[in-house]
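Q: Put together the whole structure using the sequences plus the hints.
Quick mapping for you: the protein sequence lines, in order, are chains A and B.
Counting with my numbering, you get residues 31 to 630 for the letters of the first sequence.
Counting with my numbering, you get residues 304 to 503 for the letters of the second sequence.
Rather than coming from a laboratory, the hints here were simulated on the basis of the structure.
Note that the Cβ used here is the ideal one computed from N, Cα and C, for glycine as well.
Don't take every hint at face value.
Partial list, computed: chain B residues near chain A (C-beta under 10 Å) [said to hold, decoys possible]:
(1) A336
(2) I338
(3) G339
(4) F351
(5) P366
(6) I390
(7) V393
(8) F394
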Amino acid sequence: MSATTTHDSINEFDPRLEQHVHARPKSFWSRYLISYDHKVIAKQFLIFGVFWTFVGIIMSLMIRWAQSFPGQAFPIIGNLLYPASDGVIPPDAYTTLFTMHGTIMIFFSITPILIGCFGNFLIPLMIGARDMLFPWLNMASFWLTFVGGLVMFASFFVPMGPSAVGWTSYPPLASAPWTPGLGHTLWLISLYIIGTASILGAINYVATVIRLRAPGMGYFDMPLSIWGLWLTAILNALFLPVLASGLLLLLLDRVFGTQFFLAGAIAQQGTMGDPILYQHLFWIFGHPEVYIIILPAWGMISDLLSFFSRKPAFNARWTAISMSAVAVLSTVVYGHHMFTTNMAPLLTSAFTTLTMMISIPSGIFFLNWLGTMWRGQIQLTTAMWFSIGAVFTFGLGGLTGLHLAAVSTNLMLHNTYFVVGHFHLTMASAALLGTLAATYFWFPKLFGKMMSERIGKIHFWMTFIPLVFIFVALMVLGYKGMPRRYYNPYEYDFMKSLLGASRYIWIAAVIAFLGLCLGVFNMIYSYFFGKKASNNPWNVGTLEWTISSPPPVHNFDKIPTVVNGPHEFSNPLVTDKDWISQTEYIEGVSKKVGAVPESN
Amino acid sequence: MNNAVMKKNLFNQAIDKTKKEQETTDSISKFSAEIGVFILIAALIMFFASLALTFLIYRERFPTWPPPQSPVMDYLTYCVPALLGLIATVFGYFFNKNNQKLLWNSLLITNSINIIYSLFLLTSIATNSSLFQTSIMHTFYFAMNGAAIMALAILFLVQFLAGIKFKRFNKWPKNIFSCIWAQYLVSLVLFFYFLIIVVI
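A: The structure is reproduced here in structure tokens:
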């Protein structure tokens, strides 16, 4: 018999807590389209993100095809898309492809799914709240994102096509004289709208975590997923406005003829803009953006490794502190993206040192992950496989990042495929694998159905191995000197020998794409035909698993009182199970909570 | 009674119960609104700080300022309305903080000033933009107008976030202090922004 009892006396709902309870939606319109419910908004973000992910991934396949089989028609849809060139991807379309692939994957795929979907779904549920603090803003955030997506989609159909200047949109190339047409202007407007939406979401996330944590839940009692999402929201709120200012000035340059970022012969006589100025504005945002994307994945991985090792997260407090340290340091290292802009030597040394310093907190939580798994009773579920995969790819990406942090090697590797391989390992592969881990883990709570583990594991191996192969191979190509963004690098003799490697990368990319299709099939199949999920199928103690799957509209009948940490596993005082819920009072283990957080 | 109806009734009972428990705390509290407003203001400060910095760097690249043949900056257009908004908000807050009705009125006055200001800027933008295509020296005029209008749009968003329900003027917003506080901060940000761009 277990020593556990429910401590009812401290679990009374305190009416001072401000919580939104929505009326039951009565129509399709109020249920799915203008819903204030964070769970519905999360699903809207998920659908939006999955659609754009497919668009972005197909573009990446086209990029790899153009690099692997120059001058040959792209299979199946090539003739449909490029009839004028008999299905061969022309050079101007190639520049469009890598621009839109980067933009879509960062702003329309990973951000909506990892931050929009999982942030919305998990924050209220994991902190014991009934909804976000500002539900109206939450809804506005999604619909603004949707409008941003429509504007971006429209840019594909304007004369001269969509943006083709790289996702960084550097002037002078991004200025009207070099890139005429409406495509890039719509790109700027779209990102502006998306940025505004993200800021609204960030306000909600930060304020909700501060205000609506359940009684007894201190900051270090929060699951690490919430830490990751919270830090991401803080970075989003502070640094997206900097990008917004750069985009605004670039928009003025393009549409109204200002010359903030134009210089030299192309600028009107008497004006002296500065293209490098834009790069500063972009990278002040751009480097924190890397962490905006990866921090939620780090948090989720930290939780899942503990859940499936059946062990408390090793040194969880220091994982949270290290993630915070990375978030702070990320704001002062952006200069390493600009080492080739004739930066002063003192400044390059400073940025090198600061960038290297990020390895310290990163190393701490990386070792904490390994410490969590060490001697754990590891359950190799699909979610655990994806988490381990994310740890591995992040390790690879992190180590290769050191080469780019140091100015001496950065100057050699700048603008090569080494950079492409490195950042895809860190912010694409690790974030993608983390997202998939989260999807497999929280799908039962999202939709009330279990995903197929068998298909999931095939999905994992079809994703993990090709991803590692592709991006490590790209780094090798970069190390050999292959520059990124060249339409046909094999016109240079010294790169001709690399064509074979490119073709292997193409094969791996196709396998990864098929893996992605399998994953989406698994989601759809499980949604309709999957096994019904119990309230707590994984036997873990965080708050979202104390309620039904999927959760009711109001989430919790009673606002829970938290008496345990999120990773209470294998406690010798509990004999009949190896986990303890965050709300389950056990004498001698749980903390006594009599007060609620200060209110009003 | 069939299962579905019973389930629905149970669900509605749960909703009613939880709603009843919270009758006194249905709206956002002052402190929560202030946190939301504070984050938005922080974002706003980052936005205007980076714009102001860009303007200053841009300006440094010219040997003489203002550049020859460029229009003279209109202090009245930019600084005075922002300063008026700031003064009205500060006075409104300090003289009426013990009287909700007067506070509400002062809020309406500052909002009216801001609306008039934004209309003025919109007119300015319309007239300048036609010139702008041919005269590159209107850069500053245009960019500042655009940024100011955006700031005003954000101001209204801030007030919404702080809890003002514009359609229900007959009800006092519970968190009127947050609204005043938000107005004060936004006006302050705008004022310093224009001070940096125009006066210095």
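Q: Could you run down the list of hints and mark each one as holding or not?
A: Hint by hint, here is what the structure shows:
Because the closest C-beta pair between B/A336 and chain A is about 9 Å apart, less than 10 Å, the hint holds. The criterion of a C-beta within 10 Å of any C-beta in chain A is met by B/I338, whose closest approach is roughly 5 Å, and the hint holds. Hint on B/G339 holds. Least Cβ distance to chain A is approximately 5 Å, under the 10 Å limit. The restraint placing B/F351 at the interface with chain A holds, with a minimum CB-CB distance near 8 Å, inside the 10 Å limit.
Hint status for B/P366: holds, given a least beta-carbon distance of 9 Å to chain A, under 10 Å. Given hint, B/I390 at the interface with chain A, is violated; its Cβ is 26 Å from that chain's nearest Cβ, farther than 10 Å. Look at B/V393: its Cβ only gets to about 25 Å from chain A, farther than 10 Å, so that hint breaks. This hint is violated: B/F394 has a C-beta 27 Å from the nearest C-beta of chain A, more than the 10 Å allowed.
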